[in-house]
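Per full-length UniProt numbering, residue 1 is the first one in the sequence shown, and the count goes up by one each step.
If you are wondering where the hints come from, they were derived from the structure by calculation, not from laboratory data.
Don't take every hint at face value.
To be verified - Pair by pair, the computed Cβ-Cβ distance ranges are: (1) LEU133 <-> ARG65: 22 to 32 Å; (2) GLY121 <-> LEU22: 55 to 65 Å; (3) MET48 <-> VAL127: 35 to 45 Å; (4) ALA64 <-> ALA269: 40 to 50 Å; (5) LEU43 <-> GLY193: 51 to 61 Å.
Nothing here was measured: the structure is a model prediction, and the numbers come from that model.
Don't be surprised by glycine CBs; every beta carbon is placed ideally from N, CA and C.
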Amino acid sequence: MTSETIAPVAAPAWLPGALRVLRRIIRYAAWAVLAVAAAATILPFVWMAGVSLRTPADLYADPARLWPGHWSLAGFHAVLSQLPFARLAFNTFVFAGGTTILLVFLDSLAGYALARLTFRGRQAIFVVILATLMVPFQITIIPVFLTLFDLGWLNTFQGLIIPRATSALGIFMLRQFFRTLPRELDDAAHIDGANSFQIYWRIVLPLARPALASLFVIQFMALWNDFLWPLVVSSTLDMRTLPSALTLFSSQSGVDHAALMAGAAISLAPLAVAFLLAQRFFVQGIATTGLK
Numbered sequence: 001m002t003s004e005t006i007a008p009v010a011a012p013a014w015l016p017g018a019l020r021v022l023r024r025i026i027r028y029a030a031w032a033v034l035a036v037a038a039a040a041t042i043l044p045f046v047w048m049a050g051v052s053l054r055t056p057a058d059l060y061a062d063p064a065r066l067w068p069g070h071w072s073l074a075g076f077h078a079v080l081s082q083l084p085f086a087r088l089a090f091n092t093f094v095f096a097g098g099t100t101i102l103l104v105f106l107d108s109l110a111g112y113a114l115a116r117l118t119f120r121g122r123q124a125i126f127v128v129i130l131a132t133l134m135v136p137f138q139i140t141i142i143p144v145f146l147t148l149f150d151l152g153w154l155n156t157f158q159g160l161i162i163p164r165a166t167s168a169l170g171i172f173m174l175r176q177f178f179r180t181l182p183r184e185l186d187d188a189a190h191i192d193g194a195n196s197f198q199i200y201w202r203i204v205l206p207l208a209r210p211a212l213a214s215l216f217v218i219q220f221m222a223l224w225n226d227f228l229w230p231l232v233v234s235s236t237l238d239m240r241t242l243p244s245a246l247t248l249f250s251s252q253s254g255v256d257h258a259a260l261m262a263g264a265a266i267s268l269a270p271l272a273v274a275f276l277l278a279q280r281f282f283v284q285g286i287a288t289t290g291l292k
């Protein structure tokens, strides 16, 4: 039998150029999709800023217009003059910041125990924690409210903070991240005489900064914008947070869209700053959480 050598078929001369054109089209199409998505995301905030600087007559004349026809700071003046805005901002910082710091600490402890320690019932506890994700928080409002009433914690900062100081999502997120860390770190620390809390505090937490920053940003944004819980717990304006107070403001003085949008724009500024400061850790934590 004789073997025949098959000569390779030469690629058409036009193929490399066509592939370059195709790659360029795909790149431009991806940029176009990103531009449309970015515009759709930014557009509501642009409209909010525009409404906050418009007069009622200008707004009702053409609500869809993004920029004011007649510029006015009456909305900002109404918010700052008719509401104790400094007190509301302080309450919101204490509620969102204090709750988030306590939540990150407690969730990291629980996540560390579920990921790095071995004890009986660990998996069952984790399943129960995950099951609580299916229970809406609104269902537990009445029993929690009655408990706070018996403790005398209504209309107080501890009543605002402590019931929200843990999160099943945070425990799950940090547990998954802690499982990605090498077990050899724990073994080496145990050989050096470190206990479990020292390993958690000195080794695990410093390595988990991306996941901790991600959880902090997610929970801080959610708590800053929380409307229902501060409205239920607080009974006076001095203990309200910005979202609940702005809604009360709209019901007291009618529908002043410029004032509402001005208050919303001011209240969103700290969220933008927090996200920009933690953006690098946030993206890194989201990208690595859940990997094993």
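C-beta pair MET48, VAL127: status relative to the range 35 to 45 Å that was hinted: Given range 35 to 45 Å: holds, Cβ gap about 42 Å.
CB-CB spacing for LEU22 and GLY121 relative to the 55 to 65 Å hint: The hinted range 55 to 65 Å holds for GLY121 and LEU22, with Cβ atoms some 57 Å apart.
51 to 61 Å as the expected CB spacing between GLY193 and LEU43, which holds or is violated: 58 Å Cβ-Cβ, so the 51 to 61 Å window holds.
Outcome of range test on Cβ distance (ALA64, ALA269; 40 to 50 Å): violated (25 Å)
Outcome for the supplied range 22 to 32 Å, where the beta carbon pair is LEU133 and ARG65: Since LEU133 and ARG65 have Cβ atoms about 42 Å apart, the given range 22 to 32 Å is violated.
The structure does not agree with the numbered hints 1, 4 stated previously, though it agrees with the rest.
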